[in-house]
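Enquirer: Each chain, letter by letter, is given below.
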Amino acid sequence: MKNNNFPERPDHRIIYEAIAPESRVLDLGCGTGELLYHLVRFKQARVQGIEMDKKAFYECVKRGLSVFQGDIETGLVEYPDGAFDDVILNQCLQEVRKVDFVIEESLRVGKRVIVGFPNFAHFHSRLMLGLGGRSPITASLPYLWYDTPNVRFLSIKDFQIFCAEKRLKVLSAHFLGKTGPVTFWPNLFALNAVFVLTKGKEG
Amino acid sequence: MKSINKKQAQPEAGVEATRHFTFAHPPHELLLECGEKLGPITLAYETYGRLNAEKSNAILVLHALSGDAHAADLHGGGDDPGWWNEMIGPGKGFDTNEYFVICSNIIGGCKGSTGPASLNPKTGRPYALDFPFLTIADMVNAQHHLIDHLGIERLLCVAGGSMGGMQALQWAASYPERVRAAIPIATALKHSPQQIAFNEVVRQSIMADPAWREGNYYDFGQPEKGLAVARMIGHITFMSDQSMEEKFSRRLKNGAFSFNFDADFEVEGYLRYRGANFVKRFDANSYLYITKAMDYFNLSGGKLIPTGKPINTRFLVISFQSDWLYPSYQSQDIVRKLKGKQVDITYCELKSTYGHDAFLVEVEEQTELIRHFLGVTLKGYHSWNGQGIKYGGFG
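Each protein sequence line maps, in turn, to chains A and B.
Its first residue numbered 1, the first sequence is counted upward by one per residue in the working numbering.
Its first residue numbered 1, the second sequence is counted upward by one per residue in the working numbering.
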């Protein structure tokens, strides 16, 4: 049964539930604003979106959201430290060139950063590449090699190692398959992952 | 005798709806930023739509350099539809079924508000250059008196393009508690040297005309040549290379070169026509004063949102791709300043080939942006679900 108080998309639902009421939220690459709209309306969050795509931008406008056209990599600079409770980087990290810079900046302007990305090591990808010898196309990575917006291909394991190296504290991690959450061997069976991060201890 | 004042005394055709509000009677003159006092001050204004019982639906639209209080043709009967008629009216971007829209002529103007062509009560003659120098903040302070007079505690929105956008920014800076939302369009926090340079050429062309007579031309007629050239320069800066190509290309007016200095090309004819028309409707001294006020305007360096003042004003900032007079980087600079203060911002650079004129002619996208922005500002997210938001079925 549909509950309109929750976002439709499962990844949006996870992020929605991870965010406390009345939080200040920045969504980098907010798309059509489905998630932000629910946060504003049902969690009284104060939200700001950044979106490059004109059509998606207008969808946000129709929802009455504050959103500006711009790219993620230059979108963070002017925000003061700790301006937001949560910074969302959902399904856009794979399109970002300076990944470590964007995450570092996000952790500067936000107390927590919520990162969602498609898992490149899903077994479909592995089969397509390993046995088929083709660049993988999966439900979460649906593009052909020549028209993909993605410039980064990362697995859940890659990201866990990245977090450890950068001393990022993982507050929670969520893994999604085609039909629901994945608990067993996520790096093989999860199509998407959502990590809630905060700054680790200095030094 | 050709007198601007005479013209002003009688309402022009089609602006019967223009009302006048006079305040700042001595000894309570308005103190201006230059240190001088001005009073009494009259503001010409028009209103469209109805103020609701809570007085929460009032929008002040702010005109640009040569605009006036006649923003829309809702009262009917005029030849002049109004400078933002496409945007103001029932079902339009500023929907007069929903909102109460106010537009006033700025002080320093010549369309019914006190300006250099008005009579100086001390001398009984036009102020001319005895008129004090003005700033955008002075214009806004004067409007503030009008808003008080109309009994409006808090405006839903202030909106305008070009110099109108400067006023919108100044409203947010001077009276943040009285503005719920601001829509600065095709504008800047400050004029660049290039913008000042154009204005200086404009002023010099007026002042170089012997008919200007150090501003004391009211008994003799306008410095028409100088003012016409000033306006021609303006029109060049309002268009883009592409819009001029589309509008005129190199087309000839009479099919062949005249081999004299008549207007051979259509673009020449257009500029001459615009210049000649402008001198009939605009006071040269007003043009000098207002361009100077634009050059003085500067809300950079933290002045847009002074620290310590909480700001709840929401912003919709709009720029246009082909606008080289107020390029997008200047709007993006506004956005950057607002981000630093964690203000809610919607920003968009619209595609247009019309150059700076785009804010007057690109109706469709501006309407879409403004309609939704105003809707949620007035009604909040909880009620803003009827238009555009699809529940469920998304994806």
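Careful: at least some of the hints might be erroneous.
[What the hints assert, rightly or not] A few chain B residues that don't get close to chain A, going by computed Cβ distances all over 10 Å:
(1) 17
(2) 35
(3) 193
(4) 268
(5) 322
(6) 339
(7) 342
(8) 345
(9) 362
[Claimed, not checked] Below, computed lysine-lysine pairings styled on DSBU-like, alpha-carbon distance capped at 30 Å:
(10) B:122 / A:54
(11) A:55 / B:379
(12) A:55 / B:351
(13) A:98 / B:341
Hints are computed from structural coordinates only; laboratory data are not their basis.
From the three backbone atoms N, C-alpha and C, an ideal C-beta is built for every residue, glycine too.
Enquirer: Now tell me, hint by hint, if it's right for this structure.
Expert: Hints versus structure:
1. 17: Residue 17 of chain B is indeed farther than 10 Å from all Cβ atoms of chain A, at 32 Å.
2. 35: Non-interface label on residue 35 of chain B holds, nearest chain A Cβ at 35 Å vs cutoff 10 Å.
3. 193: The claim holds: residue 193 of chain B sits with its nearest Cβ about 24 Å from chain A, beyond 10 Å.
4. 268: Residue 268 of chain B clear of chain A: closest Cβ-Cβ about 38 Å, beyond 10 Å.
5. 322: Nearest chain A Cβ is 16 Å from residue 322 of chain B, so the label holds.
6. 339: violated, 4 Å
7. 342: violated, 5 Å
8. 345: violated, 6 Å
9. 362: holds, 14 Å
10. B:122 / A:54: Given that 30 Å is the threshold and the Cα spacing comes to 57 Å, the pair is violated.
11. A:55 / B:379: holds, 24 Å
12. A:55 / B:351: holds, 13 Å
13. A:98 / B:341: holds, 26 Å
Hint compliance for this structure: hints 6, 7, 8, 10 are broken, all remaining hints hold.
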